[in-house]
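Asks: Each chain, written out:
Number of protein chains: 2
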Amino acid sequence: MSGTLYGLGTGPGDPELITVKALRLLQAAPVLAYPAPEEGESLARAIVAEHLPGGQTEIVLRMPMVAARFPAQEVYDWAAEEIGGHLEAGRDVAVLCEGDPFFYGSFMYLFGRMAERFPVEVVPGVSSLTACAAVLGAPLAARNDVLTVVPAPLDEADLAARLRGVEAAAVIKVGRHLQKVRKVLTELELLDRARYVERATMGSQRILPLDSLDEANAPYFSMILVHSRGEAWA
Amino acid sequence: MSGTLYGLGTGPGDPELITVKALRLLQAAPVLAYPAPEEGESLARAIVAEHLPGGQTEIVLRMPMVAARFPAQEVYDWAAEEIGGHLEAGRDVAVLCEGDPFFYGSFMYLFGRMAERFPVEVVPGVSSLTACAAVLGAPLAARNDVLTVVPAPLDEADLAARLRGVEAAAVIKVGRHLQKVRKVLTELELLDRARYVERATMGSQRILPLDSLDEANAPYFSMILVHSRGEAWA
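Same order as they appear, the protein sequences are chains W and C. For the working numbering, count along the first sequence from 1 and bump the result up by 20. For the working numbering, count along the second sequence from 1 and bump the result up by 20.
Hints in this document: simulated from the structure, not taken from any laboratory. Predicted, not measured: the structure shown is a model, and the values here were computed from it. Keep in mind that a hint or two might mislead.
[Claimed, not checked] Label-pair ranges, simulated between beta-carbon atoms:
| hint | chain 1 | residue 1 | chain 2 | residue 2 | range |
| --- | --- | --- | --- | --- | --- |
| 1 | W | Q199 | C | Q47 | 44 to 52 Å |
| 2 | C | D212 | W | R44 | 36 to 44 Å |
| 3 | C | Y240 | W | E141 | 22 to 30 Å |
[What the hints assert, rightly or not] Non-contacting residues of chain W with respect to chain C, defined by C-beta distances greater than 10 Å in every case (computed):
| hint | residue |
| --- | --- |
| 4 | E59 |
| 5 | L63 |
| 6 | L72 |
| 7 | P84 |
| 8 | D112 |
| 9 | Q225 |
| 10 | N237 |
The C-beta atom is built at its ideal place from N, Cα and C for all residues, glycine as well.
If we strip away everything but chain W, and leave its shape as in the complex, we get (with noise of 0.2 Å):
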């Protein structure tokens, strides 16, 4: 019997913001995986660390720091090979995703690789869209709203195209594009009506007015979120 592969949403930041199967599976797992920069500590492992029993085999994908769109394959290849063979040999697999792993995760590229071969489970986890509108205290959507979720690499033609009429947007991976975003949203009129957060939940967390950060990039896990129509629920 070969074990399964769970791919586990650890929420957004906030240790307590697990589920409680999330954190029961990954107590029970014997093997834990998980996404790390090239050097440093692991996001996804630091989220969990106070829940973890001690004593669990630990894979660490060591994500190379290039500037390539799609993280490297090769990094997923070893990890899917270290991964199957606790599979093979009975042994379940948690692997930590930060937010959710499905919500534009890095866990999809494992998923694609393991899917056919072994049993998986996906636990959803809050994902940093909706953890980012409870900390502003402001609806995310509401109603008849649509809700455009856009990532911000995109080019700032497509970027205005996607954003032009938008109700109610979630800008996400803001990071070093943080000034053309804020170029698009002005060109807009959308400026006003957009709010930054900065690593929601956790304790460096960070809230603004868009238009009052001076600032030329912000981190990685970073949102501005955006309601054309001032506050949802008014």
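Since chain W is already given, all that's left is putting chain C on it; use the hints.
Replies: What follows is chain C alone, placed relative to chain W:
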């Protein structure tokens, strides 16, 4: 000292998909409030029923069964007064919200009435959006996909305009709008890219390709996910 109003996301239906934080606050609150149909059981309360310690005061927001576009404001006025009385007396009140409180949730109607007068904390939950992707075993959105969330009550022309050319889309609140949504997706040649999920993560969950569903109506808790490029991870 007044009490705090907590908007607690219960998650999409599986009682284990509540967060550790919402569970803690739920069990500690002396007063609970939740929506329910005019007659019968509250889904939000049913999701958390197994976690309740007993002995809590419960405020039931019975929503009138009208075809009105927005729920009856009178019920929220009444509930705000009831809840406000407890808060003024120093008792915390936990409002149970299916999924996430700020993702198309009715919590905003209470939030709008209470947030200026009392301390309010919103605890985000796993939304139906990522729960549906998890049970489908398919990424909701990936890489630089734009994700569009479209409420099914929009009229046919509006639905078509919003869904034309989408990369990834979720049509929510399907209910009695099923035929209209299917017609629009067929005309946009997206029918074979669309999958239907009913009551994700609940015992009564149902998943099928939209083109094999032959009912006239769907339950309110149903969603259609579309990936225009097929499998997002491929």
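Asks: Indicate, hint by hint, whether the structure satisfies it.
Replies: Now the hints, each set against the structure:
In this structure, Q199 of chain W and Q47 of chain C meet the distance hint of 44 to 52 Å, their C-beta atoms being roughly 46 Å apart. Range check, D212 of chain C to R44 of chain W: Cβ separation about 37 Å, and the 36 to 44 Å hint holds. One distance hint, 22 to 30 Å for the beta-carbon pair Y240 of chain C and E141 of chain W, holds here, with the actual separation near 26 Å. At the 10 Å boundary, the C-beta of E59 of chain W stays outside the reach of chain C, the nearest C-beta of that chain being 25 Å off.
Look at L63 of chain W: its CB is around 18 Å from the nearest CB on chain C, clear of 10 Å, so calling it non-interface holds up. Listed as outside the interface, L72 of chain W is consistent with that label: its C-beta sits roughly 14 Å from the nearest C-beta of chain C, beyond the 10 Å cut-off. With a least beta-carbon separation of about 17 Å from chain C, P84 of chain W lies farther than 10 Å from that chain, consistent with its non-interface assignment. Residue-level check passed: D112 of chain W sits 17 Å from the nearest beta carbon of chain C, beyond 10 Å.
Every CB of chain C lies more than 10 Å from the CB of Q225 of chain W, the least distance being 13 Å, so the non-interface label holds. With 10 Å as the threshold on Cβ separation, the claim that N237 of chain W sits away from chain C holds: the shortest Cβ distance comes to roughly 18 Å.
Comparing the model with each numbered hint stated earlier shows that all of them hold.
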